[in-house]
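Could you build all of it, start to finish, from the sequences and the hints given here?
Protein chains in written order, with the numbering used here: chain A, 1 to 137; chain B, 1 to 137.
Read the hints as simulated data drawn from the structure, not as lab findings.
Check each hint, because a few of them may be wrong.
In silico EDC-like pairs for lysine to aspartate or glutamate, Cα to Cα no more than 16 Å straight-line [claimed, not checked]:
| # | chain 1 | residue 1 | chain 2 | residue 2 |
| --- | --- | --- | --- | --- |
| 1 | A | Lys7 | B | Asp5 |
| 2 | B | Lys7 | A | Asp61 |
| 3 | A | Lys7 | B | Asp66 |
There are 2 protein chains.
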Amino acid sequence: MTSFDLKVIGQVESPLTEFDAAPRQADEGAPAAVLVFVPEVLGGLRSLRQGQEVLLLTWLDRARRDVLSVHPRGDAARQEEGVFSTRSPHRPNPIGLHRVEITAIDGLRVRVRALEAIDGTPILDVKPLLEEDISLR
Amino acid sequence: MTSFDLKVIGQVESPLTEFDAAPRQADEGAPAAVLVFVPEVLGGLRSLRQGQEVLLLTWLDRARRDVLSVHPRGDAARQEEGVFSTRSPHRPNPIGLHRVEITAIDGLRVRVRALEAIDGTPILDVKPLLEEDISLR
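See the structure below:
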């Protein structure tokens with residue numbers, strides 16, 4: 001397969017340190033966290049605002065990349081599904097997609113409410129939410 | 001910066017061939033397209049269903065990666081914003097995020113309605129939509 005190179009633009013700072021103990025989704029008791037960006041991308045952050053909801057893309061570097069089927073939510077009682085029908089971190093490109101609310105911004109440090117990614121998780125991108133993302137069709 | 005390696009798991013087949021002429025969002029007249037996956041990931045596709053809406057992640061390989069500020073929607077009359085507050089393809093990691101509806105599945109070929117990515121765009125991941133993605137908070 002052809003491949004491309006990802007740049008790490010920051011890291012998650014979180015009290016969560018255990019991959020296996022992390023909540024599966026943000027609304028399942030995930031703590032607040034700080035997104036710590038590298039100085040090179042400061043200009044890209046300048047229009048972010050406190051109170052805004054954004055999409056955070058991370059690289060789940062503890063995940064396995066050779067997995068194509070999983071038991072949903074790790075529950076062995078449930079039938080295996082193809083990974084592209086699940087949010088399992090284990091998949092060919094373990095990109096995490098997290099909807100987060102910004103609660104404070106201080107230069108390269110962006111504080112968010114309820115993030116299920118663990119401490120040290122590399123950050124790849126931040127995108128605004130669009131109306132079409134959240135509308136029910 | 002540290003970096004990670006992305007695997008290309010498929011390609012977009014689309015009548016859109018011009019990067020600059022592509023619609024900016026799917027609801028702006030984007031045509032139907034086919035997601036053509038590589039045989040190595042077939043097992044990951046097996047639980048996808050016709051009629052389902054999914055999130056498609058692509059690598060926008062024509063984009064510039066050294067851009068941190070853009071005029072929203074390319075409109076020079078609008079003030080520049082940090083790229084992390086826009087959906088511009090030009091950003092440090094040009095990952096495209098597209099909400100698409102599956103209209104047909106034939107082995108490694110998955111047909112979707114209204115996709116704004118151009119022909120040949122590399123595919124990185126497919127994820128199901130979660131309730132928390134689309135709910136208004």
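Verification of the hints:
no., hint, in the structure
1, A/Lys7 with B/Asp5, "9 Å, holds"
2, B/Lys7 with A/Asp61, "14 Å, holds"
3, A/Lys7 with B/Asp66, "11 Å, holds"
In this structure, none of the earlier numbered hints is contradicted; all agree with it.
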